[in-house]
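Hints are included, so try docking the two chains, each in its own frame, into the full complex.
Spelled out, the chains give:
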Amino acid sequence: MAEQQLSATFLERLIKRENGAFDELVRRYAGRCYGYFYRLCGNAEQSEEFVSELFVKLVEKIDTFEGGSFDKWLFTVASNLFRDHLRRQYRYKRLLDEAAEHQRRRQDDSAEQSRQEAANDRLQWALEKLDKETAELLMLRYYSQVSFKDLAEMRNEPIGTTLSKVHRGLKKIRFLLEDNR
Amino acid sequence: MRTNDIHNLEDLLRRFVDASVAETMAEDIRRGDALLDGFPSPELSAQAAAELRRRLDTLRPQSRRQTLGSIWAGIAAGAAAAAMVVWGISFMQTPSAPTERAPVAQVQRPAVQEPEPVVQDRSELPGFTLNLWEDTYPAESDAAFSEIKSELDNIAAWIETLGIMDTAFPDERLFNGETASQSETKIELTDFWKG
Numbered sequence: 255m256a257e258q259q260l261s262a263t264f265l266e267r268l269i270k271r272e273n274g275a276f277d278e279l280v281r282r283y284a285g286r287c288y289g290y291f292y293r294l295c296g297n298a299e300q301s302e303e304f305v306s307e308l309f310v311k312l313v314e315k316i317d318t319f320e321g322g323s324f325d326k327w328l329f330t331v332a333s334n335l336f337r338d339h340l341r342r343q344y345r346y347k348r349l350l351d352e353a354a355e356h357q358r359r360r361q362d363d364s365a366e367q368s369r370q371e372a373a374n375d376r377l378q379w380a381l382e383k384l385d386k387e388t389a390e391l392l393m394l395r396y397y398s399q400v401s402f403k404d405l406a407e408m409r410n411e412p413i414g415t416t417l418s419k420v421h422r423g424l425k426k427i428r429f430l431l432e433d434n435r
Numbered sequence: 019m020r021t022n023d024i025h026n027l028e029d030l031l032r033r034f035v036d037a038s039v040a041e042t043m044a045e046d047i048r049r050g051d052a053l054l055d056g057f058p059s060p061e062l063s064a065q066a067a068a069e070l071r072r073r074l075d076t077l078r079p080q081s082r083r084q085t086l087g088s089i090w091a092g093i094a095a096g097a098a099a100a101a102m103v104v105w106g107i108s109f110m111q112t113p114s115a116p117t118e119r120a121p122v123a124q125v126q127r128p129a130v131q132e133p134e135p136v137v138q139d140r141s142e143l144p145g146f147t148l149n150l151w152e153d154t155y156p157a158e159s160d161a162a163f164s165e166i167k168s169e170l171d172n173i174a175a176w177i178e179t180l181g182i183m184d185t186a187f188p189d190e191r192l193f194n195g196e197t198a199s200q201s202e203t204k205i206e207l208t209d210f211w212k213g
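Protein chains in written order, with our numbering: chain S, 255 to 435; chain P, 19 to 213.
Chain P with its partners taken away, still in its complex shape (with noise of 0.2 Å):
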């Protein structure tokens, strides 16, 4: 067995190597092919070439029949969907039989209570007004009034006996650390303002 460019394995050999040099290589390499040559090829035994034959003959039906059964399953899976998508659309339409459905206590609509109508006429407002004083404040209104007026009188006399009011607060002190008096002294004699 040769190889296709043996012939030219010499020319191939000195875009490489010095001519010399391509001349001794492209000689050791046909030699060495016709070492190889001397020992013959193991052959397939025919029964292995017939088993492979065998082999790929049942590979190429196969797949056919594969090609052909996944294309029909496909059509068959394509067509039970269609059918379950159609049935269900007309499950859906088809109305529904009347069932029996267990008593329910009937619930009563809570009543609304209307509101009093407004009054219209001005002239009632007064006797209105009055009505609402008498409901917010009954008639013990002014047995009230006189217990809140004692105890304002009762806080006052107490203010009064502490002396609170004549103690003299100490003047605020300023963030500079002056009194306010301090500080509006301190600008009058100042005479900075008048340019």
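If we strip away everything but chain S, and leave its shape as in the complex, we get (with noise of 0.2 Å):
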């Protein structure tokens, strides 16, 4: 975990937009912040896009970064992304659909699908069955490695609202995938 957070060296050089600072940024930070926007949305195309996106705000707001968790406040900033984007644009439902569509079309053209693929294709058929904030919980938690405190800040909701919320989440998800093998 200790590799995870960033040094006051490294954010000193993200805040000067030294050279190189990005790219550290982008090697620590871009899978999962991809991970979490392609759990939502299941569309690669589209993850890509939210991490695009995502980063350039990071590079835009680092001056507001008032310290503290890095993790926290960069998850943060993907978790108002992607809610922004979802009421801006009042696709959630045909976002998934679409990503959804979009799966099964690749299924179709590609013989050589992985197991892997599959596996993955049956975590996003689960959370899409549960609602979409407990999904974006799980994934944000699952993703951002935040602590269930930080969690419930990051939401504005009481930390034993946030506790519950992630085991009735995760309940429902293992009840989805072992029961349906």
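Among the hints, erroneous ones may be present.
Said to hold, decoys possible - Below, a sample of chain S positions facing chain P; criterion: calculated Cβ distance under 10 Å:
#1 276
#2 279
#3 284
#4 298
#5 302
#6 305
#7 314
#8 376
#9 414
#10 417
#11 420
What the hints assert, rightly or not - Which stretches of chain P does chain S cover? Using the computed rule of at least three CB atoms under 8 Å from a CB of chain S, they are:
#12 27-34
#13 41-50
#14 53-65
#15 68-77
To be clear, the hints were calculated from the coordinates, so they are not data collected in a lab.
Just so we're clear, the structure is a prediction, and the values are computed from it rather than from any experiment.
Even for Gly, the Cβ is constructed at its ideal location relative to N, Cα and C.
Pasting the structure below:
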């Protein structure tokens, strides 16, 4: 976990927009952010666009980072970006439908689909069975790796509520995945 | 992938629920996390990551260039504005070249009539007054006087003919309905004012 923490020096380089600082940022966070977006929308291209938009936002807003957990700050921006996008487009359901359709088409087109992709599709399917808020919360926790306390703060809700939602969500995921093998 | 407070999860849950329930919930969450770990995270393609790096890399110098550009643009704009001010001031201070003007008719100053000198010597006043009288009432003034007098006589004769002067006017009524004479009589007969 210590590896994930950004050093003060690195943050300083980031704020000064020094050469190589952005590469480091991408190396550390792009994968996790992509995973977060991909799990929520199920669309690789859309997720890449989200990641790109997020990192541009991060570069623009880096001056507003006031210390504390950088992961918490970054994933708050990511979460807001995704929510804003859904609100703006009014297309969460359509997005999921499109993603499912995209996945189905991909399955049809590619005979060489790997077992890993099939497994991912099952998780995607299970996440789609959850309500949007719970799915977002589970993925936010999983990919941001922030504490429950920070998670509750990011969502402006009591920590007990966050714990309860995570518990219910994971239980349902388990039920869906284990009982539908 | 694990969250950093998973080991303290049970302690955390005990703050909200019974110990036995907390234990069950913590176990559910751990198993859920383990299940999610079984689904490897989708990877950002190397191509997409490289594109992202390129985009950010171009964003950084651009922002510097833009900053420098805006600074230079500001300096240039300020210099231009200063030059304009200097030019404007020098333009205003430079005497303008004589220009041809259309001939204008000469405006004549109106002649002021001087008042006549005030009479200084009071001994001349009678004569001056006489002159004024004669100026106002010329020679036929006597005739006018006779005419006015005869008109007044005619009016007096006409009034006399009508008998207006002999007519007795009714006593004026006061506000309480009494005449003035009635009121006076009443006051005379009343002793209240005598104390």
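**Asked** At a threshold of 10 Å, is the proposed contact between residue 420 of chain S and chain P supported by beta-carbon distances?
**Response** holds, 6 Å
**Prompt:** Does the CB of residue 417 of chain S sit less than 10 Å away from some CB of chain P?
**Reply:** Holds, because the Cβ-Cβ distance from residue 417 of chain S to chain P comes to roughly 6 Å (cut-off 10 Å).
**Prompt:** Does residue 298 of chain S pass the interface check with chain P, least Cβ-Cβ distance below 10 Å?
**Reply:** holds, 7 Å
**Prompt:** In terms of beta carbon proximity below 8 Å, does the stretch 41-50 of chain P have 3 or more residues touching chain S?
**Reply:** Since three or more residues must qualify, the claim that chain S covers the stretch 41-50 of chain P holds, with 5 doing so at under 8 Å.
**Proximity test - 8 Å, beta-carbon atoms, the stretch 53-65 of chain P to chain S, at least three hits** = With 10 residues closer than 8 Å to chain S, the stretch 53-65 of chain P meets the three-residue bar; holds.
**Outcome, coverage of the stretch 68-77 of chain P by chain S - at least 3 residues whose beta-carbon is closer than 8 Å to one in that chain** = holds (count 7)
**Item:** Residue hint residue 276 of chain S, partner chain P, criterion CB-CB below 10 Å
**Value:** Because about 4 Å separates residue 276 of chain S from the closest Cβ in chain P, which is inside the 10 Å limit, the hint holds.
**Request:** Under 10 Å, Cβ to Cβ, is where residue 279 of chain S needs to be relative to chain P, so tell me if that hint holds or is violated.
**Result:** holds, 8 Å
**Asked** Taking the closest Cβ pair, is residue 314 of chain S under 10 Å from chain P?
**Response** Hint holds; residue 314 of chain S Cβ to chain P Cβ min 9 Å, cut 10 Å.
**Prompt:** Holds or violated: is there a CB of chain P closer than 10 Å to the CB of residue 305 of chain S?
**Reply:** Holds, about 6 Å.
**Request:** Check, residue by residue, whether the stretch 27-34 of chain P contains three or more positions whose beta-carbon lies closer than 8 Å to a beta-carbon of chain S, and give the verdict.
**Result:** holds (count 5)
**Message:** Under 10 Å is the threshold here; is the Cβ of residue 376 of chain S close enough to any Cβ of chain P for the hint to stand?
**Reply:** Interface hint status for residue 376 of chain S: holds (8 Å vs cutoff 10 Å).
The structure fails none of the hints (numbered hints given earlier).
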